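Chemist: Chain by chain, the residues:
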Amino acid sequence: MERQRHQGMAKNTSMRWRLPLVCLLWEAAMIVLFGVFVRFGAEADAHWEEEKREMNLTSDMENDFYFRYPSFQDVHVMIFVGFGFLMTFLKRYGFGAVGFNFLLAAFGIQWALLMQGWFHSFKDGKILIGVENLINADFCVGSVCIAFGAILGKTSPIQLLVMTLFQVTLFSVNEYILLNLLHVKDAGGSMTIHTFGAYFGLTVTRVLYRPNLEQSKDKQGSVYHSDLFAMIGTLYLWMYWPSFNSAISDHGDAQHRSAINTYCSLAACVLTTMAFSSMLQKKGKLDMVHIQNATLAGGVAVGTSAEMMLTPYGSLIVGSVSGIVSTVGYVYFTPFLESRLHIQDTCGIHNLHAMPGLIGGIVGAITAAAATEDVYGKEGFIKAFDFTGVYQTRTPSIQGGFQAAGIVVSLLMAFAGGAIVGGILKLPIWGDAAAENCFEDGVYWEVRGAGGGREMALWARGRAGAQGALPQVPEDEESDAYHMHNPDKPASP
Amino acid sequence: MERQRHQGMAKNTSMRWRLPLVCLLWEAAMIVLFGVFVRFGAEADAHWEEEKREMNLTSDMENDFYFRYPSFQDVHVMIFVGFGFLMTFLKRYGFGAVGFNFLLAAFGIQWALLMQGWFHSFKDGKILIGVENLINADFCVGSVCIAFGAILGKTSPIQLLVMTLFQVTLFSVNEYILLNLLHVKDAGGSMTIHTFGAYFGLTVTRVLYRPNLEQSKDKQGSVYHSDLFAMIGTLYLWMYWPSFNSAISDHGDAQHRSAINTYCSLAACVLTTMAFSSMLQKKGKLDMVHIQNATLAGGVAVGTSAEMMLTPYGSLIVGSVSGIVSTVGYVYFTPFLESRLHIQDTCGIHNLHAMPGLIGGIVGAITAAAATEDVYGKEGFIKAFDFTGVYQTRTPSIQGGFQAAGIVVSLLMAFAGGAIVGGILKLPIWGDAAAENCFEDGVYWEVRGAGGGREMALWARGRAGAQGALPQVPEDEESDAYHMHNPDKPASP
Amino acid sequence: MERQRHQGMAKNTSMRWRLPLVCLLWEAAMIVLFGVFVRFGAEADAHWEEEKREMNLTSDMENDFYFRYPSFQDVHVMIFVGFGFLMTFLKRYGFGAVGFNFLLAAFGIQWALLMQGWFHSFKDGKILIGVENLINADFCVGSVCIAFGAILGKTSPIQLLVMTLFQVTLFSVNEYILLNLLHVKDAGGSMTIHTFGAYFGLTVTRVLYRPNLEQSKDKQGSVYHSDLFAMIGTLYLWMYWPSFNSAISDHGDAQHRSAINTYCSLAACVLTTMAFSSMLQKKGKLDMVHIQNATLAGGVAVGTSAEMMLTPYGSLIVGSVSGIVSTVGYVYFTPFLESRLHIQDTCGIHNLHAMPGLIGGIVGAITAAAATEDVYGKEGFIKAFDFTGVYQTRTPSIQGGFQAAGIVVSLLMAFAGGAIVGGILKLPIWGDAAAENCFEDGVYWEVRGAGGGREMALWARGRAGAQGALPQVPEDEESDAYHMHNPDKPASP
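Residue numbers (the UniProt record's numbering), protein chains in the order written: chain C, 1 to 493; chain S, 1 to 493; chain P, 1 to 493.
Honestly, I wouldn't trust all of these hints.
To be verified - Once the Cα atoms are required to be at most 27 Å apart in a straight line, the calculated DSSO-like pairs of lysine-lysine come out as: (1) S:LYS52 x C:LYS383; (2) S:LYS283 x P:LYS11; (3) S:LYS217 x S:LYS11; (4) P:LYS283 x C:LYS217; (5) C:LYS52 x C:LYS123; (6) P:LYS378 x C:LYS126; (7) P:LYS126 x S:LYS383; (8) C:LYS52 x P:LYS378; (9) C:LYS52 x C:LYS383; (10) S:LYS217 x C:LYS283; (11) C:LYS283 x S:LYS426; (12) S:LYS52 x S:LYS383; (13) S:LYS383 x S:LYS123; (14) S:LYS283 x C:LYS52.
These are calculated hints, taken from the structure and not from any lab test.
This structure is a prediction, so every number in the text was calculated from the model and none was measured.
This is chain C alone, in the form it adopts within the complex:
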């Protein structure tokens, strides 16, 4: 035990110069690049009055802001509170979960505005941004938050920033290939966000495999209150997912339909998750891990098809299936991945994002292939799949084929990109912690009470009294909040 601790100490996890350097360098780069490239789009520019006249718009209500801003805010909550708190389930990694998620997302959205801007909003040498760009930047960062779930507790904040830099870049390339080259529909991002993000993260965690991770196994679980904090994340993700899947759909019926389909899918998913959570435990008790995660699979699994005419009952079916697949994944696949394939997946993103993402891509391909002018109406059909210009002659079945190709491309980008980025993150310069200090806030955070990580460890291990650690505690009274009382010690005067 002591030896391991010393090994841990041997690793230099100090962020003092490295983290500030990376943060400041990258923020400086953002400022320069924004200065050169980023300008307000027409609807956010003070010339809007003239623009309105030119476009014959009679009301400010026609500004895209009013179509999308409420959804944008919901998506924003999902990224920062949803993902952030979902990952607080670990008993002593709450600061890292919510804080590092905050850091990487705040950097990621800036870089995503640039990357996606170059690909999609570039005009006359400038990137013109509006509320839709903000949503897309949040979406892009969502894929990084997903990947973060796989390596949660095992990486330094610098590694996360490096990963964010590369993953946002690759995400944007992949998204460009899918949306622009393959002309694929994926408004809720089953392929671009979930499949890509999850398999990227799983590949990274495979490359970063830690054979001695069982040394911090006692910290890999939850405690009662941390499970309740995680439920805040779960519920916000669950409630706002209809906004996520509808946020960038076409105005009108498409946004409306996306929200309804997602609502239905998620509702169904809760019931099958509860059913299988109970069924797969020998005493029939429900497991918070499943409730926190698998209930969300229904949102992932209609990410591509929600804006199509999936229909409410189709959504119920997709949601039901994905809840089952995800729960079964937690019980059987995650242990298998870890023991056989050496994929250590802290949050089980394989179950929540990877498999449901694949389902989502496939359901999207099928729904597209099954589309008919009868179901969509002549105009609706063209509008829904954007069969205009060079795509005028595309048929539903060809579209279905391209959708399927989008899945394959996303997988390939994820595996290749994850392997390369995993390799970069493996360099011994990023300040990651030793195996026995994983899942431990004390490594990178000031934890109130002198000793930080050490005391937190004692707190959860219950050895404080016996190890002689307590006699030193009363000198720092704050730490008592963790230890409660020390009956062996006389009161301080």
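Since chain C is already given, all that's left is putting chains S and P on it; use the hints.
Modeler: This is chains S and P only, laid out in the frame that chain C set:
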């Protein structure tokens, strides 16, 4: 003590086959019924482009989605986070509060889409749904969440699913009688949601009366952190209540007015609640139970009248009164109901929903009876009360009478329905826990740390060291997080 | 120790008659004043149908409700959950943080509707209100929540209500001077809300200086879970700040632009905060105090300029700088203010609101002074600065000068007002606690477990077993949740 525990063990609370069976059966039924009946309404269907032309709409903004979606999301948060977290105040029933609320609401909204759809959105053999249906489904489930508050901690998840099935059905019938047959206004549901839901729940808990409930009395309270979690629920309910009461009001002034009235009523309610909470405690200290609950009575009490010309000062009066009634209820009525009428009301829904709901119904009747063309304007008067068609000749005072009749009908439906459903839930097949295991997550949930419920009980009872329970604990380190340290035991190696 | 405790007991902190009296009196006054003055504005009145015709509006969508309600709800969340939970970081003042914030804000918004109404919405003897008034009332109360941050834990709820009464009044006067007399732009309130609120609060806390506050120093810190609760507040403030700064901007491009600028500024601020938090700690560890607070400075610092053509890269620069200033403030200025200037600033509002507020005012003045018709377009230029009527001839540089004057006026109002109100609050009749009972919920709140405050103190100090306090505990089992187990005591039968 031991005998009681064994009695408890004698009850079979295992959910292993029963819960999955019920969940999967019901989800399968939903899929079939949705497949047969549910389709997208015109504004969510891909034919919208044609529809728009036919209806002479010039902008996608006219799609109902943009009028109601932000309110829908707020209501959604109230149902899942609001009610869910409000009930986490119990020291060791947080998983059950938030998790079972999640389960019953997810099932309830599906069944409500069907039930309400048959009554209100049925056309040519199909139920046509849009964002307003989603809101109404959430509303309907709100009444179940209220009833859940009365029986919180004393029922199995299967009982909750059975209750949801019946209550959603009865809610829809009652709502149909009020809105369609009596032509009553009740946009915020003082009668249909709160009065009905609360008296239904109180009747159910009366039928399920547990004479030995004091055996789990030590678990019926809160601890410091659980009270803070509950405040998350309180605040989201409080903040979003203006959206709740305005969500399905007419477009334009009615939605606007509902939000303002509710905002005013709730603000006033906070002050009178604080005043009476302090006044009724002998040392003048504030009680979190009142702050968590009675502050919300102002929203309930303007549920019917908020969309009428209640006026801001009228709202302040209603809010002030309801805060007082509700707080007094917690101090005097709840103990009385329990000791004399054998109504065990875990969350005090009688104070938060039943009495304020009645106030809301009465205020609505009076406000309607007092309406004049002068105050509303000629067109506004007709629009506000929908005095068209066969109701063209209705006068305000007659409307007031019908509003009052709506209260009576809701009460009768609640009592009759609650008695029948309570009787069904009393059957000994649903796996509810023994009295001494009530308010205990360990019964139905995997609680980290071996032993689950038992250890949690020890944790809160403070007998661990003395009862010899601890020697077994260190084998499962996670459980230590509950017990903190064991000073009598040498450190494990 | 005992002597101090007795001194504490000597102070009468009982709220039993004082708090109810103040609450009820003030609510009664609100009802009377609302009855005399407040009516629905045209867009919330039932005469809207006629109004619409007169104004030639073709759609209900043109009702201001739909332009501003989503932003209003976001602002509402910031005031009640954002500020409320941000202040729960203290280990045993969570009830006070979230509960007193709730109380003062609920009162404040009513009084603000009146005060701001008299200044801005007064017509024919009536205050006409609509959704914009609700937002402005929330804004006004925001400045009180800020001031509350400085005196958190050291004042009685009555003092807070008295302060709210005066501060809302002064806020409205200051706002009137700035917006109407100086014709200054300040949509996000860098000057009116943040600079005024913060310096007002700092002056109050200076007047209320407590020389013996170190007696409760052990309670002035956080514990693990309280830091996570605080992060809920932080994130909601951070996420919804774009809504805050855009909520009352002009329809169309101005709202759109404000949201984008704020989004950019806040993202940059997170990175520089993390950088400096790590850099300024000797082991390079991140400090939750900085993450919880300084990350928000970017929103404050673009409060004036966000609706102007600040540009995205300008926002990144402002956000970056304010994150640095704020973090440095926490590390160096706060201790200095306390030790040298006797300003005890519990939440560090000097770093989060005062300095960034000043930056915001200055950036606003510069951005206004630098405005050109080229950048804004001819119409946009006039619309953005409202250069109409008597202001038709104002030039950007003159506007910049007036903006700067707005900062000075806000500061003067804050210092003078704070000194007077501080003096009033110093009167020995408001029931504030003795120095050693500060930061302690048990003083004003029922804390479950007999003894309340005392036990909570013991809990955190770890002396329970030794001081003989525990033998009395088992009589009230609920209190055990704080103490955990008592190994010296046999199990109760």
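Chemist: Hint by hint, note whether the structure agrees.
Modeler: Cross-check of the supplied hints:
Between the alpha carbons of LYS52 (chain S) and LYS383 (chain C) the distance comes to roughly 14 Å, so the proposed pair stays at or under 27 Å and holds. Between the alpha carbons of LYS283 (chain S) and LYS11 (chain P) the distance comes to roughly 14 Å, so the proposed pair stays at or under 27 Å and holds. Of the supplied pair hints, the one linking LYS217 (chain S) and LYS11 (chain S) holds, its CA atoms being roughly 19 Å apart against a limit of 27 Å. Restraint check for LYS283 (chain P) and LYS217 (chain C): satisfied, since their Cα atoms lie roughly 26 Å apart, inside the 27 Å limit.
For the suggested pair LYS52 (chain C) and LYS123 (chain C), the alpha carbons sit about 19 Å apart, so the restraint of at most 27 Å is met. Simply put, LYS378 (chain P) and LYS126 (chain C) have alpha-carbon atoms about 22 Å apart, close enough for the 27 Å limit, and the pair holds. About 25 Å separates the Cα atoms of LYS126 (chain P) and LYS383 (chain S), which keeps this hinted pair within 27 Å; it holds. Between LYS52 (chain C) and LYS378 (chain P) the alpha-carbon distance is near 14 Å, which keeps this suggested pair within the 27 Å criterion.
Distance restraint check for LYS52 (chain C) and LYS383 (chain C): the Cα-Cα separation of roughly 24 Å lies within the 27 Å cut-off, and the hinted pair is therefore satisfied. Only pairs whose Cα atoms come within 27 Å are accepted, and LYS217 (chain S) paired with LYS283 (chain C) is accepted, the gap being roughly 26 Å. In summary, the hint linking LYS283 (chain C) to LYS426 (chain S) is supported, as the alpha carbons are separated by about 23 Å, within the 27 Å threshold. Distance hint between LYS52 (chain S) and LYS383 (chain S) is fulfilled; the C-alpha atoms sit about 24 Å from each other, no more than 27 Å.
Annotation: proposed proximity of LYS383 (chain S) to LYS123 (chain S) holds, straight-line Cα distance about 24 Å (limit 27 Å). Restraint check: the Cα-Cα separation between LYS283 (chain S) and LYS52 (chain C) comes to about 64 Å, which exceeds 27 Å; the hinted pair is violated.
Checked against the numbered hints given earlier, this structure breaks only hint 14.
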